[in-house]
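Kindly produce the complete structure, drawing on both the sequences and the hints.
Number of protein chains: 2
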Amino acid sequence: MKLATLRRNGRDGRLALVSRDLTRCLLVPEIAPTLQAALDDWGNVAPRLADRANALELSPDHPKSMRFDPAQCAAPLPRAYHWVDGSAYVNHVELVRKARGVEMPASFWTDPLVYQGGSDDLLGAHDDAPFGDEAWGIDLEAEVAVITDDVAMGTPVDAAAGRIRLITLVNDWSLRNLIPGELAKGFGFYQSKPATAFAPVAVTPDELGDAWRDCKVHLPLITRINGADFGHPDAGTDMTFNFAQLIAHVTKTRRLGAGAIVGSGTVSNHDRSRGSSCLAEKRMLEQIEHGTISTSFLKFGDRVQIEMRGAGGDNIFGTLDNRVVRA
Amino acid sequence: MKLATLRRNGRDGRLALVSRDLTRCLLVPEIAPTLQAALDDWGNVAPRLADRANALELSPDHPKSMRFDPAQCAAPLPRAYHWVDGSAYVNHVELVRKARGVEMPASFWTDPLVYQGGSDDLLGAHDDAPFGDEAWGIDLEAEVAVITDDVAMGTPVDAAAGRIRLITLVNDWSLRNLIPGELAKGFGFYQSKPATAFAPVAVTPDELGDAWRDCKVHLPLITRINGADFGHPDAGTDMTFNFAQLIAHVTKTRRLGAGAIVGSGTVSNHDRSRGSSCLAEKRMLEQIEHGTISTSFLKFGDRVQIEMRGAGGDNIFGTLDNRVVRA
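Just so you know, the protein sequences line up as chains A and B, in that order.
Residue numbers for the first sequence follow our numbering, so the first one is 1 and each next one is one higher.
Residue numbers for the second sequence follow our numbering, so the first one is 1 and each next one is one higher.
Hints are computed from structural coordinates only; laboratory data are not their basis.
Each hint should be verified, as a subset may be incorrect.
In this list, chains with the same sequence are indistinguishable; a pair is considered to hold if it fits within one copy or across any two.
Cross-link-like lysine-lysine pairs, in silico, DSS-like; alpha carbons within 27 Å at most [claimed, not checked]: (1) K64 / K252; (2) K185 / K216; (3) K252 / K299; (4) K299 / K98; (5) K98 / K185; (6) K299 / K216; (7) K64 / K216; (8) K252 / K216.
Computed from a predicted structure; not experimentally measured.
As structure tokens, then:
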């Protein structure tokens, strides 16, 4: 099933089921008022949601259904209790480190790298993304993310896979020119990672069919900047750590609460013809190939769109469509 | 007023007003079911809570009041949307870095250092603190923390002060032997920072009277390990960045949502006779003074108590009283 959060009734919005073709939706207050409430009691709530989703799918004229408008969506979780982002495409990490003039340790190929992002202010798919200064080096990062159930401390990889409840897409905006100074302090990102934006819709893994295997999404992640194709690397290719491995890593010393969001990190393929999912990578490739960087970071007014399409061309999660604006 | 969360009715517990002497409490479902709900609408809710708190204070036989049992408390926010911890006692940072053999940049005296902690699983004042392995180097970190209202991006220091709603104490457990490897990866703490524990009670700043000035708490923070005094440094002394400065720092590029928790970092005084608020500092001081370390990290079964007492000896926030256990 496909789930979205409509921007109404306060900070956490209202949970809606969305038809597979993203044309219609249905509020389900009698089952769960919000997505967090559904995740808090997933075992009981999910079967009831699935029944209702089937009814919506089978009845184009379902009396309570409404037109689905992604511009009315908050992030699926407008605020969440945990947002941890991996760097599973290690090839990308190596390139970005090169861009910063830093050598990547070999252990990065076997030990996942994660950082924790702000989760109290998550942007919807059509929200403006506000930044204080273009000089901060505004960049996108197109990623896949999963939303988990409760996960116990010390969960092994094979058990972690079964704790994934939903899959969605994110744009984990980065402020590239704030990163070197912040990382030099030794405690990781904070100011350099502003509010993350989310696709309109989160889906259960079964919605992806064969494209969800090995705890990876085997489909191209499409990014457009100001309407022009920027990249379409396959999210299932070159993903060194799958989502189960990332979850096992983050639960080594702590529990995750229901509704925790775990990101893949910027999707990146060795095959350069697939383009990139962030400007930093493209700039580094220009530097390597041409000895000079021709691509600049984002400017106020720029528009970034991110989406993923199934084998039949269907838009699975809806499109992130955010504009960079002055705060 | 003083607020606590009783462990009932699901994941977020139930908000209770607590008498100043911590002997009695009162549920207030008709005003706000949970502390997060109160913070989400603080402007409207706080005056009503204050009225009820006064009634509780004035009526020792208030018909609906109950005995207050801190062992029944979850963390004031059992899960929160944001938990960012500063390192405001720069003297301590310098010592701990020395212990890791790392030089501290001079900018640390002017530019706050923060990291983001897990907020989906916060421990109550009497909860066991579970760890997988004593070899991880289990340490306490006794700190003061504030809980904010919504704070806009780019909030200046003078405006940040007015966004502080509540004050409490935390034990930000650290896994010292996991830190060097994790920080070497460059993205900051994650596995080395397990679930943080909280005092039973959070209080509005007015409860501290003169002890709350300059956005600092001017009282000793008392730590006992297995019943023995470990430290009582003054939290208002040697705090290089006050809470308003920390909030201004963290909102440079993002908003904070109501209920965000901002920590002071380990409280530490230049005056060594006050003792320490973490073992790492004590171990470093032993190394410097005696050339050898005699204090070990915590073992399973060890008990850590943290509290703060007013001028009259009253226990302001209740006592954190957690036992270190094997996960």
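For each hint, the structure was consulted:
| no. | hint | verdict |
| --- | --- | --- |
| 1 | K64 / K252 | neither (45 Å within a copy, 43 Å between copies) |
| 2 | K185 / K216 | between (33 Å within a copy, 24 Å between copies) |
| 3 | K252 / K299 | between (40 Å within a copy, 19 Å between copies) |
| 4 | K299 / K98 | within (24 Å within a copy, 42 Å between copies) |
| 5 | K98 / K185 | both (19 Å within a copy, 14 Å between copies) |
| 6 | K299 / K216 | neither (32 Å within a copy, 39 Å between copies) |
| 7 | K64 / K216 | neither (35 Å within a copy, 54 Å between copies) |
| 8 | K252 / K216 | within (21 Å within a copy, 35 Å between copies) |
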